Structure formats: C-alpha cells, structure tokens
Amino acid sequence: MKILTNPSAGVDTTMMLVFVVAVLTMPFWLTLIGAGYPDLMQKFVIFGLFATGFNILFGLTGYLSFGHAAFLGIGSYTAVWSFKLLGMNPIPAAIFAVAVSGVFALVIGFISLRRSGIYFSILTLAFAQMCYALAYSVLTPITNGETGLRVIGDDPRILDGIITSGVNPSTPTVNLFGLDLTQTWVWNGYYFNAGFYFCAIILIIGSYIAMRIFRSPFGLMLKAVKTNQNRLNYTGVNTKPYTLAAFVISGMYAGLAGALLCITDPLAGAERMQWTASGEVVLMVILGGMGTLMGPMLGAGIIKFAEQKFSTWGKTELHEFFAFIPDGIRDTVVSVASLFVGSGWHLTLGLVFMLIVIYLPGGIVEGGRRILMWASGSNRRNRKLQAAAQAAE
Amino acid sequence: MAILEVRNVNKRFGGLQALNDVNLSVEQGSVHAIIGPNGAGKSTLLNCFVGRLTPDTGSVMFNGKSLLGIMPHEINQAGVSRVFQTPEIFTDLSILDNVMIPTFAHRDGAFKVNWWPRVDREAGTQDHAMSVLEEIGLADKKDVIASSLSRGDKRRLEMAMCLAQDPKLLLLDEPTAGMSRADTNATIELLQRIGKSRGITKIIIEHDMHVVFSLADKIAVLAQGTVIAEDLPENIKTDPRVKEAYLGEEAEA
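If you read the protein sequences in the order shown, they are chains A and B.
Using this note's numbering, you'd call the opening residue of the first sequence number 1 and step up by one each time.
Using this note's numbering, you'd call the opening residue of the second sequence number 1001 and step up by one each time.
This is chain A alone, in the form it adopts within the complex (with noise of 0.2 Å):
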C-alpha cells in the first residue's frame, strides 16, 4: 500500500529556509557553472515566480492555462504605464500590475471555467491571442503597437518626474527610493545586481504564499479538485469559486512577473504575450514537477538557463566540447549537435522534454526523490547485509 505523508511545518519551515539562502547566495553558486550574470539571474528569479504562480493552478487543480502569458504581458504594460504616469518606483508598479493581471484573470478565468479540460485550454488561449493581438495593433494608443511601450523622458511621473527630469531626461532607470536597480556590484568577479535582490525577495515572498496554500486547507480544496470534481460537489463545495480563485491567484503571479521583467528594461512589448510564451510556462511547471513547491522554479531555472547556453552555442564550442573525440569522427559528431544547438536548441528542448513526459512524468522532483529512495534503500540493503554479517561472525 502507498503512503502518503505531507511534509510536516518543521520540513516546510527547513525547505524555506535553504530555498531563500540558496536564492539570496544565487550569485555565488550560478558564477561557478557559468550562469552568474544579472540578466540570467534575473530571468530564473522572475521566471521561477511565473511557473510558481501557474503551478497553483495547473498543478493544484489541474486546470491546464494555455493563455498565462496574457497575464504576463498586462503585468508589463501596467509596469511601464505606472513608471510613465506615477514614476520610476517599482513597488507601484507591481502593485498596479497584480491588481490589473488580476481583473482580467477574473473576467478571463469567469468564462473560461465554464468548460473543463481541452476545452478550458483552447478558450484561455483564444483568450491570450485576443489580447495579444489587442495589444500588438488594436490598441495602440495604450500598448505602442509593435514597437512596444517604453518609458520616455517627457513622461508626466508625478511623483519622480520633477527631480529627475533635470538629471538624465532620456533614459530614466527604475529606482526603489533612489536606489538604482540596474546598478550592479562586482567582487571577486561575482555580480551583485539590486534589481536581482529586489526581484528575489518578491521570489521569496511569493514561493512563501505559495507554500501556505499548499499546506491550506483551501488548497487542500484546490487538490481535491483535480482529484474528483464530482465527489466535491456532492461534499458541499461550490468548486467553480475554487477554480476561479486559483485562475486569479496564477495571473496574478504572472501579472507580477511582468512587472519584474520591466525592471532592468522599462519596455513592453507584444510578444510577451504570444502562445510560445504561455506554452514555456507549462514546460516549466511539467520539466520541474507539477504540483510540487519547488519544481516549477527548478524547471524555469533549467529551462532559462539551457536557452541561454544551446542558443548562444555554434560549431566552435562544439569543437571545444567534443575535443576528445579523434578528429575525422569530431565533424560528423558535430555537425550533427549543430543542429541542436544555435537557432535550433528548441529540438534539444523538445527531446528533452519528451524523455520527461515518458520516463518522468513527476518531473526532476519526482526524478530526486527516486534517486533519494533508491540511495536510502541501498543504504538499508548494505545495513542488512552487515548485520547478516555480524550475525554470521
């Protein structure tokens, strides 16, 4: 028979507490594989809080979004909105982002959740092409069309606008109360970024909300709907409001991460929110483990980080990477992992992803967790077999 224990206050509280001092020290540990730069840095933290945010609803419910990075691209436009009207203040920004992703995930989730399955996902994504195309022509006023929305120098920004203006009029940088966020630190060749240590504390904060609805007895709920929505209707449970609520709770997830990509780069633009991007997010959250805490951060990080790696890669670092390879086999090898890597690494991704879905449906948490079991379970194998020892002695 299978067990089934949930994790306990005292693992959840040593599972946090690793999680923030492995985020905070992220500089570190990232220089050493060679991911160490702000940019990437901030791309795994922001992304982290996106597949964090999808994995309440996908994961818990299992209600499959295909139209999430709608939600990521209104948290932009919102951000880039807030610094132009209001100033270049981030916590505004994100503040106004997660309120405007979260009205349009509730009129968006409303009528999406009147289906389920299949169905539910085409909608979102109709949905999310809808306001993509909204945002790439129809309305251009508001979004910039395909130029994208920036901030410029002549923008009102009540509240900075009048210290700044005279300082550096075109090309204004998000400040936290005069605090530069694109201002970085080097030491020992580590990267030390602000908008990295502003966008991870969100990271924390978020992954902590996200932990207590884990553990809640609403997302309890929220499980038992993706377990059997027919058993908890007749249980008394009104599931539609669950659905909904989790359907807002994600895009608002998404909406602040939008806001957060605004950071470095004051500038939104459309194709934030095509189907490519709503369909990464899924990859994300399924790579590192639907339903677990820390796999979809796990899955962004990873994900982030091989496009970052296979796309910038071409002959020559295949060259070096192949180099034991004697030299007349070396050309085919490579030219044949040229074609997964450069402009191509989407195959890579692809298979990579298709040996998951196979071999690791649970994602590289459940593949931890199996390595951790088959460990533990050779430890008690040799334990046994020393006692069969001692009692042979």
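Note that these hints are calculated values from the structure, not bench results.
Here the structure is a predicted model, which is why all the values come from computation and not from measurement.
Just so you know, not all the hints are guaranteed correct.
[Said to hold, decoys possible] Quick list of in silico lysine to aspartate or glutamate cross-link-like pairs, DMTMM-like style, CA-CA up to 20 Å:
id: 1; chain 1: A; residue 1: 2; chain 2: B; residue 2: 1140
id: 2; chain 1: B; residue 1: 1154; chain 2: B; residue 2: 1122
id: 3; chain 1: A; residue 1: 226; chain 2: B; residue 2: 1174
id: 4; chain 1: A; residue 1: 223; chain 2: B; residue 2: 1120
id: 5; chain 1: A; residue 1: 309; chain 2: A; residue 2: 320
id: 6; chain 1: B; residue 1: 1218; chain 2: B; residue 2: 1189
id: 7; chain 1: A; residue 1: 223; chain 2: B; residue 2: 1122
id: 8; chain 1: A; residue 1: 223; chain 2: B; residue 2: 1244
id: 9; chain 1: A; residue 1: 2; chain 2: B; residue 2: 1122
id: 10; chain 1: A; residue 1: 2; chain 2: B; residue 2: 1092
id: 11; chain 1: B; residue 1: 1065; chain 2: B; residue 2: 1120
Given chain A, work out where chain B should sit, using these hints.
For chain B alone, coordinates are given in the frame of chain A:
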C-alpha cells in the same frame, strides 16, 4: 415526522416515463429502502433528491425546504450526503485528507479562501476526522493513498466522508454492489452501527434482499416508475404485487 417528502414526482426521458407520480415519505431517523427491478427508476429518483436531475412535475421537500432547482453542493450543505454506486473518493489523496475535505466543507461552507492556516495544525478538524476514521475502522490506514485501497475499504472511506459531515439524511446507492458476502455483511453491520448512535435518516437503494431486510424499517417497491407498495418489511415479503413485479421481470429475463 417526515424528513423527506416526495409528492407527485414525474420524470420523462423522451418517450420513457421514468418516474410516474411517485410519492414517498421518509420518517426522521428511520432506514428507508427503495427496491425494484432494473430500470424501475430507483437511480432516477435518487438523482432527483441530490440535484443531478430535476423532476418535470412534483415536489421534493427536505426538512420543509424544497430540494428542486438547487445545486448539488447546496443540497449537501442542507444536510444530505450521498454514497455512490461506485465509490467516489479523492484517489490521489491520503485517507485522512479524504475525510478532512468534507470536514472542512461542513465547517467552512461551500466556499472559503482559507489559505493561511496549515491543514496539519487544524487540531479540531483533525481530531474530528480521526474520530470518524476510528469509528469506521480505517484509522490505522490514515496515511495510505486512497487509490490503493480495496473496494470494500473505498466504500467505507466514502461512508466516513459522508459521516464526517454529520448529515441529517444519508443516501446510499447500492452500497454493497459487487461486494463479497463477507464485505456485504461487514457493510450491513457498519450501517447498523453508524446509524444508531447518530440518528441519521438513511435511504438505501439495493438489489440484495438480504441487505434490505437486515436494515430497512420501511420498504418502498418501485416498478416501471411507480411506487407499487410502501410498507413494513414483513408485509412487503408477502405482498403479491411485489412478487409479481420481481417474478414478472425474471420471467421476461
């Protein structure tokens, strides 16, 4: 006092008159069995009590409140719990979580975003769920994932989930369908035990006469959508109309 009053209920599916002027009165605290040959309309009738189907005409009153036109979750919140023919449980979750869910639903109502407290720190709910599991005999399996239970245990779990809500009326749709003799007897014993201490009214739909006569205070016989007899078990046993309904069906088969 009648807890459930069914008056002149009709339900038609296309050309089939599934329920034809059904009248039923279920006494508070009693066990009421509904029997009848296949296709007699038993499940249709049950579905009219839980909001899955709405009768074309007639009324279904529970505790003086109409059950027609309201959602299944509202009917449950009013105090009606249902056990399905094939156990409907949360297969991905542990036994304890399976019982925690109805306990929360009973405490918090149909919807509450209760996202801050931890489920494992909700001592009151936890104790309540554990006491129900004790009573039903599943306490030692509380951490087992529900999908790995035997069919009999799944049925017991489903009953525990219903009991956790302290229902006023428990509807059981063929609670022993597909069970071995031993499991059937265990279920009968369980139903006798859980009903007595709590005074829950029960409606049982059943094929197995052994189950019906062991449990029922009163039996309604349904044939071709009509209640042909509603009486005490000993009178039903000897009722010629009932014999005809069953024998007639067997003769056709």
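Hint by hint, here is what the structure shows:
Distance hint between residue 2 of chain A and residue 1140 of chain B is fulfilled; the C-alpha atoms sit about 13 Å from each other, no more than 20 Å. Proposed proximity of residue 1154 of chain B and residue 1122 of chain B is contradicted: the alpha carbons are some 25 Å apart, above 20 Å. Between residue 226 of chain A and residue 1174 of chain B, the direct Cα distance comes to roughly 26 Å. Violation of the 20 Å bound is thereby established for this hinted pair. Among the hinted pairs, residue 223 of chain A with residue 1120 of chain B is consistent with the structure: their alpha-carbon atoms are about 15 Å apart, no more than 20 Å.
Proximity of residue 309 of chain A to residue 320 of chain A is assessed by CA-CA distance (about 14 Å); at most 20 Å being required, the pair is judged to hold. Distance check on the hinted pair: residue 1218 of chain B and residue 1189 of chain B sit about 18 Å apart at the alpha-carbon level, within 20 Å; holds. For the proposed pair residue 223 of chain A and residue 1122 of chain B, the alpha carbon gap of about 18 Å is at most 20 Å, so the pair holds. Pair hint residue 223 of chain A plus residue 1244 of chain B does not hold up; C-alpha atoms about 49 Å apart against a cutoff of 20 Å.
Note on residue 2 of chain A and residue 1122 of chain B: the hinted pairing is violated, with a Cα-Cα distance of about 24 Å set against a maximum of 20 Å. Between the alpha carbons of residue 2 of chain A and residue 1092 of chain B the distance comes to roughly 11 Å, so the proposed pair stays at or under 20 Å and holds. For the hint linking residue 1065 of chain B to residue 1120 of chain B, the alpha-carbon distance of about 36 Å lies beyond 20 Å, and the restraint is violated.
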